[in-house]
Amino acid sequence: MPTIDNYTGQIPSWCPGCGNFSILNALKHAFVELGLSPHQVLIVSGIGQSGKLPHYMRCNTFNGLHGRTLPVATGAKLANHELAVVAVAGDGDCYGEGGNHLIHTIRRNPDITVLVHNNQIYGLTKGQASPTTETGMATKLQPGGVVLSPFNPVTLAVSQNAGFVARGFSGEIPHLTELIKEAVNHRGFSIVDILQPCVTFNKLNTYSWYKERVYKLDANHNPEDMMQALEKGFEWGEKIPVGIIYKNSRPAFEEQISVLKRGPLVRSGMSG
Amino acid sequence: MPTIDNYTGQIPSWCPGCGNFSILNALKHAFVELGLSPHQVLIVSGIGQSGKLPHYMRCNTFNGLHGRTLPVATGAKLANHELAVVAVAGDGDCYGEGGNHLIHTIRRNPDITVLVHNNQIYGLTKGQASPTTETGMATKLQPGGVVLSPFNPVTLAVSQNAGFVARGFSGEIPHLTELIKEAVNHRGFSIVDILQPCVTFNKLNTYSWYKERVYKLDANHNPEDMMQALEKGFEWGEKIPVGIIYKNSRPAFEEQISVLKRGPLVRSGMSG
Amino acid sequence: MDYSIKIGGEAGQGIQTIGHVLAKVLTRGGSHVFVNQDYESRIRGGHNIYQLRFSDRRILSPSKKVDIIVAFDKASIEEHGDELTENGMVLYDSETLGKKYNNPLFLDVPMQALAVEKGGNKVMMNTAAAGAVLGMLGHEFSILEAIIKSSFSKKGSGIIEGNINAGKSGYEYTRGKCHKCNFSISPVKSKKMMLMNGNEALALGALAAGCKFASAYPMTPATGVITYLAGKAGDFDLVVEQAEDEIAAINMAIGASYAGVRALTATSGGGFCLMTEGLSLAGMTETPLVIVLAQRPGPATGLPTRTEQAELLFALNAGHGEFPRVIMSPGTAEEAFYSIQKAFNIAEKYQTTVIVMSDQHLADSYWSIESLDPRRIKVDRAMINDDEITDDYKRHKITDSGVSPRAIPGQAGKAVVVTDSDEHDEDGHIIEDSSTRNAMVEKRMRKLKGISSGILKPELYGKNDPELLLIGWGSTYGALKEAVDTLNSHGKHISMLHFMELWPFPEGIAETVRSAKKSFTVENNNTGQLRRLIRMETGVECSGSITKYDGRPLTPEDIIKEVENADN
Amino acid sequence: MDYSIKIGGEAGQGIQTIGHVLAKVLTRGGSHVFVNQDYESRIRGGHNIYQLRFSDRRILSPSKKVDIIVAFDKASIEEHGDELTENGMVLYDSETLGKKYNNPLFLDVPMQALAVEKGGNKVMMNTAAAGAVLGMLGHEFSILEAIIKSSFSKKGSGIIEGNINAGKSGYEYTRGKCHKCNFSISPVKSKKMMLMNGNEALALGALAAGCKFASAYPMTPATGVITYLAGKAGDFDLVVEQAEDEIAAINMAIGASYAGVRALTATSGGGFCLMTEGLSLAGMTETPLVIVLAQRPGPATGLPTRTEQAELLFALNAGHGEFPRVIMSPGTAEEAFYSIQKAFNIAEKYQTTVIVMSDQHLADSYWSIESLDPRRIKVDRAMINDDEITDDYKRHKITDSGVSPRAIPGQAGKAVVVTDSDEHDEDGHIIEDSSTRNAMVEKRMRKLKGISSGILKPELYGKNDPELLLIGWGSTYGALKEAVDTLNSHGKHISMLHFMELWPFPEGIAETVRSAKKSFTVENNNTGQLRRLIRMETGVECSGSITKYDGRPLTPEDIIKEVENADN
Ligand SMILES: Cc1ncc(C[n+]2csc(CCOP(=O)(O)OP(=O)(O)O)c2C)c(N)n1
Ligand SMILES: Cc1ncc(C[n+]2csc(CCOP(=O)(O)OP(=O)(O)O)c2C)c(N)n1
Ligand code: SF4
Ligand code: SF4
Ligand SMILES: [Mg+2]
Ligand SMILES: [Mg+2]
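Chains as they are written, first to last, in my numbering: chain A, 48 to 319; chain B, 48 to 319; chain C, 3 to 570; chain D, 3 to 570.
The set of hints was computed from the structure by calculation and includes no laboratory data. Since the model is a prediction, treat every value here as computed from it, not as a measurement. The C-beta atom is built at its ideal place from N, Cα and C for all residues, glycine as well. Hints are supplied without guarantee of correctness; some may be wrong.
Said to hold, decoys possible - From chain B, some residues computed to sit far from chain D (all C-beta separations above 10 Å):
#1 Asp52
#2 Leu81
#3 Pro118
#4 Glu129
#5 Leu251
#6 Ser255
#7 Tyr257
#8 Arg260
#9 Val261
#10 Asn267
#11 Met274
#12 Ile287
Said to hold, decoys possible - Computed footprint of chain B on chain C, listed as stretches where at least three residues anywhere in the stretch have a Cβ under 8 Å from a Cβ of chain B:
#13 212-222
#14 225-234
#15 241-250
#16 470-479
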């Protein structure tokens, strides 16, 4: 049985109070509770504050380029579909630089999970607007305030019939842990958009800002109802729902590739 | 008053019977009926069969790279917002290679129109699957049939609250002409997904395949109702709706940039 | 014997089908065949060319002079008539062409009529045309019959018979009418040969090398490699994925390679641009990767269906920062088959990217090949064994060779493999300090030493102490070699230096170049990139360069002309 | 007078604030100031450095030896203590540092306590620290007071007073306690100077050049250029857009430039990779474009906040196909200001891309500048006049210079401007034939002639017929120059050759290099890219190269050491 200690990594360089600590915490617990050992897990991360996460735990790690977590994760999964593959990305990473991969990974539906550390800002590069930054918010690069309207990852994912779509909040660790477990267990592509306060650069969407708005979806919400899911997805303002917003049972990409039924490529690959 | 002759260009190199001819025809008529002269119009096209379109008429033309029509069009519009800017792209062009720009151009909402020649195939490169190719369809590059589920441009656009979302059919020229006029007149970003038979490489989605399924939206459809629009957007199979599926009155991007209120940059630019 | 047949017509008229059938017949007949194609970026109409050259000697390049033109459009006659040898023939169908020529060398064959009449279907015109050409050549007919049977086997006996009849009718028509024809076919080989183009050879080489994953975005002229692999995926246990863009393509391949399989991507210049950041990522994470870069004329979209060699220096310097890479430039389908297998071995042994340079001319040209030995190059994965995997396994361990032990994530039920696009320590974790940075830069660059030791010297062919050395790389090989032979047969004293491997730059080039009185690089580009590379690596200035940048391949005649001009 | 102050601490402790206030005070006080920064890729914690050097002579580079260390963390003492001059001082606050040193050269100043007590707020510790440093230096206090007033003007009198008191308390504390201090400040200039870093200089230059559009995706160390422009957008009528990725950034800039305004994009290596296809597009469509390429250590993410010069050959060969480009490499903020203005003129006159190379060292270092003349370089749009626009206007007209008439779409109420990424005719429409292709390739490449004529020769500085020539480009300028001065003052006979413009490669370099007995390139990279470029362009082999690739800038001391080692 793997323990939390098996997942001990380096000391984080995040700012004190950063929401990323809670996500790291939730992720480690999710893996342990899923009974996964570090060598069975692959985390593919990008560049950004979130991209540093795998260095702060211990497991197979590919910390790649900004915006390119999903293709790397997809390639790795196709090469060895016995690995539990989790992509860790920022909102700029996954919705900005990497937006095209998100759309097409949803279409592909490989059995990987992406955790988007959505702090509604570019943290590592010191506070420019991200695709999810609220319209009107001023930054050094947008002194007059952001003009673009924010990207909605949830409705986008549902609109393309993504396998599993959830939203979490770093302030709700046990709830987030469960979401991550469900996402990893889901056989197909799972996206978890995680609201994550950036205490240094996002003075608008603070911990308390989220705390006031976030509420947990309950049994009244049917995540298999696409229209309901879309309505929940559009809910952003006074109230922000967290939980499993949408899921379906599309077969995973790997399951539909006949060659892979004979076992992971990496095995037939060894011989050359 | 501009005439169709003003828009006469080179002889198309498209295959006889290609749906692109009708789109070209509709576009020329739309410009003429809008009273626009060739020098007032800029067409930005990509690479693909659709990308050749502006060579077959006469107007300002930037035939750029595969997948990059929207950023070029946006830059040109910001430099001179008095130009009527229309982007012409293929389904691979706009939904595959250029998918990320589509998402973010929707967020930006510049007053440009994109016409997507959606033949559900890669034509110019001889018949590989495009993002909109039906699941299961076999091609040379997908001999076992396409595994990915098709991209839905309409629900994606509506899910991100795009300014103007329409679907047209190259087999309905007058209807398409009207759609293009409405799209160009709409002050903000307009996307028109145009069903276009590729007689050479797409033997599934043929002219008659579309003809049997396509129906025109009527007054019962309220394009300002997002949920209704999404339902129409998901409608694909026995019946496929064409017409204006969604629109809203978000202010155009340029209208929100104070510097541009003083007139087009290209004028203040002349002096240097 | 050395004849060329040029089949010209619009896209969609099936000139490729006719040409390919003829190429097969002639190959099976025992002739050496070389085919090159020239087509426009359109699907119907325009003017395309399928040119077929055959001989009893081994031939590797197209020739400018043509013995038979099969004209399906007027352009074939108007644009290429002057390429005919003095008693060369034009074969056409006045009905379809809508024009009749009164010229003894112009043979009007009612191909369409014959097809309808004898074959029962207009589409069999192609077979009639093939038969007509064979008739003119006086080539035995039976092989065509066999090929028709095999290729239409699924279509049923009616179609087969119809085609055979159409073919025979064309054959007999020309046998009877072609008085001016004086071709003598002298097949030499009894041994069967196979017809293969560069793309197929690269794909077959990848399969022989045990490539298990290929991701790419379609782009002419690279698409053929991926399409071929896709067709074989089931038989060879590999996954071929069409990516949403080239950025995804290279990152998927890197992900698959990191996870432990041999991975490939293929593209052309524009797509390669989008891959350059990934190239740098592979360099930093030391992930093995093979990229086929099939060049076409740029800049930008340029002439998308034509050929050029203008990305040598780009490939050499592509990607930000400094890291080792390998560049190969096979000159024939046969070289391509072996080059890419070696590429996979180097990529894994040195945990680096190998770029195999191709171009439209190499990709689409067909060679008749006697045999390929899939065992000549042994697969060497260069992975560590399970028992070498310890708990403190270090993916980026610093070693004398610069090569670190490579394990597969999860290998032996314990391997934890960590790598990072940031500068990292031996464990693969981010660092910022000077000393680790220096050690890692030096470790990575050290790998070039080992790689260099395995790099092939360029092929030196021709006279010793030549008065002129013609230096080329990649697809110009055949034209260069033939030009050298021809010029030497005309009393010149020339030799050829062909680079099939360009980086790390081979040793001893300065001496070879200096040993020649004069030296020209011969390149399908405008700026003489190989010439500049030689200067950069050796300081030696070649006396000149023969360049061609109109999107068409260099022919022996082009080179001979330039050499002769240079003498005057 | 030549002192260096090193302020070290964690990210977020405000060392940049303190340093910057001191730099301003000293500049206003009439000293020449040079500032360089060294920070980690994290927002809080870690160990960052703000180093400030000032003198009565013009200085352009950092020095290794330090006279005052202001230590906000132990690392500042442990990692940098050895850089102190023999009677250099360390200033620290034992309370915040959690450690007390019994060393006469270590001055314990209760900065936090003073801030709270006199200023009324802990955050004013920074001002107290600044005051303390000025006290040690014996620099007049009034300037700090003035700066506090102006910078906190919006914050109200309370804050202002608090800071002044905090500053004064620090000042007086050290005045009283610093017995070992023996600094003598001798301001020379009465003339006011301004403090400016490379990014600000590039942005100001772009504004002076009439840049109207900038699109970019944030990337260290280029972000500062765009951020600065964004702050000035309203005053200078320009639009600054943050793109979704670098591909969009360059394509937006190309679209804006095509439509008729001066457009800029700025990025670092990884982003530049993604722009290479756009670079090729600009080359084919002949769209003017200026790209700021601010280098940082690669490959991949590398050391994202540090400095390197490893993209010279990449910038030179980036993009598929062959097309002209221009590369500039300013060495100081002042050069950067003028270079980018010239870049815009060349870009429009020759309808080409100009890449202005920068790096983190140039981008983040501050120089005190006496004056910049925005009129020195006249804006030349090189557009055609309305009356030159005819109905058969040809955007890509073939001319002797290779430059075609450039009109704005819709200009004069009639211009129809057509361009294409495919090879095209003079009208801008797709073509496939050989002759047009040849003509267009030659036309585009011809532009290099004209450009060459305007390229600046590198700056030659130092002794004539030197025994050693030190050759550099870009941000190494200051260190190189100072090294030359120092070495010559030690009796050596050395000179410097600094390239501020690298491509088209300047004339006459071979002679200059040959004229020196020995020649080293001095580069912030591993492979000696300038050395290789010189060999490629001239065939001349430099005797060696001094390289540094740990992500830190070359200092005069680094260079001097290497030169002296080379002598032994
Ligand atoms: C190709 C490329 N462009 C830009 C950058 C610079 N960069 C690094 S992280 C980042 C964005 C960070 O924002 P986000 O993805 O939201 O992550 P966060 O730091 O907020 O967690 C950017 C623009 C890069 N590393 N690579
Ligand atoms: C960067 C890049 N990748 C690939 C290509 C090759 N290419 C040209 S057109 C095309 C796709 C054509 O499909 P689509 O966009 O649907 O246009 P269509 O021809 O069907 O109208 C591709 C892959 C290219 N030109 N540039
Ligand atoms: S900058 Fe923001 S996101 Fe980054 S570590 Fe600090 S708080 Fe977290
Ligand atoms: S290939 Fe298809 S899309 Fe292209 S021109 Fe022919 S019919 Fe039209
Ligand atoms: Mg973020
Ligand atoms: Mg298409």
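Non-interface label on Asp52/B, tested against every C-beta of chain D at 10 Å:
Check passes; 13 Å lies beyond 10 Å.
Mind checking, does the segment 241-250 of chain C have 3 or more residues with a CB under 8 Å from chain B?
The restraint on the segment 241-250 of chain C holds, since 4 of its residues have a Cβ under 8 Å from chain B and three suffice.
Non-interface claim for Leu251/B, where every Cβ of chain D lies beyond 10 Å:
Answer for Leu251/B: holds, closest chain D Cβ roughly 30 Å.
In terms of beta carbon proximity below 8 Å, does the segment 470-479 of chain C have 3 or more residues touching chain B?
violated (count 0)
For Leu81/B, which was marked as not at the interface, is the minimum beta-carbon distance to chain D over 10 Å?
Given a closest Cβ separation of 15 Å, the condition holds.
Per the stated criterion, does the least C-beta distance between Asn267/B and chain D lie above 10 Å, as a non-interface residue requires?
37 Å, holds
Report holds or violated for chain B covering the segment 212-222 of chain C, Cβ cut-off 8 Å, minimum 3 residues.
As far as the segment 212-222 of chain C goes, the hint holds, because 4 residues have Cβ atoms under 8 Å from chain B.
Non-interface claim for Met274/B versus chain D (Cβ beyond 10 Å):
27 Å, holds
Taking a Cβ-to-Cβ distance below 8 Å as contact, does the segment 225-234 of chain C have at least three residues touching chain B?
holds (count 5)
Verify this label for me: Glu129/B is non-interface relative to chain D, using a Cβ-Cβ cutoff of 10 Å.
Non-interface label on Glu129/B violated, nearest chain D Cβ at 8 Å vs cutoff 10 Å.
10 Å Cβ clearance of Ile287/B from chain D
About 30 Å separates Ile287/B from the closest Cβ of chain D, which puts it past 10 Å; holds.
Please check whether the beta-carbon of Ser255/B is more than 10 Å away from every beta-carbon in chain D.
32 Å, holds
The structure is inconsistent with the numbered hints 3, 4, 16, although it conforms to all the rest.
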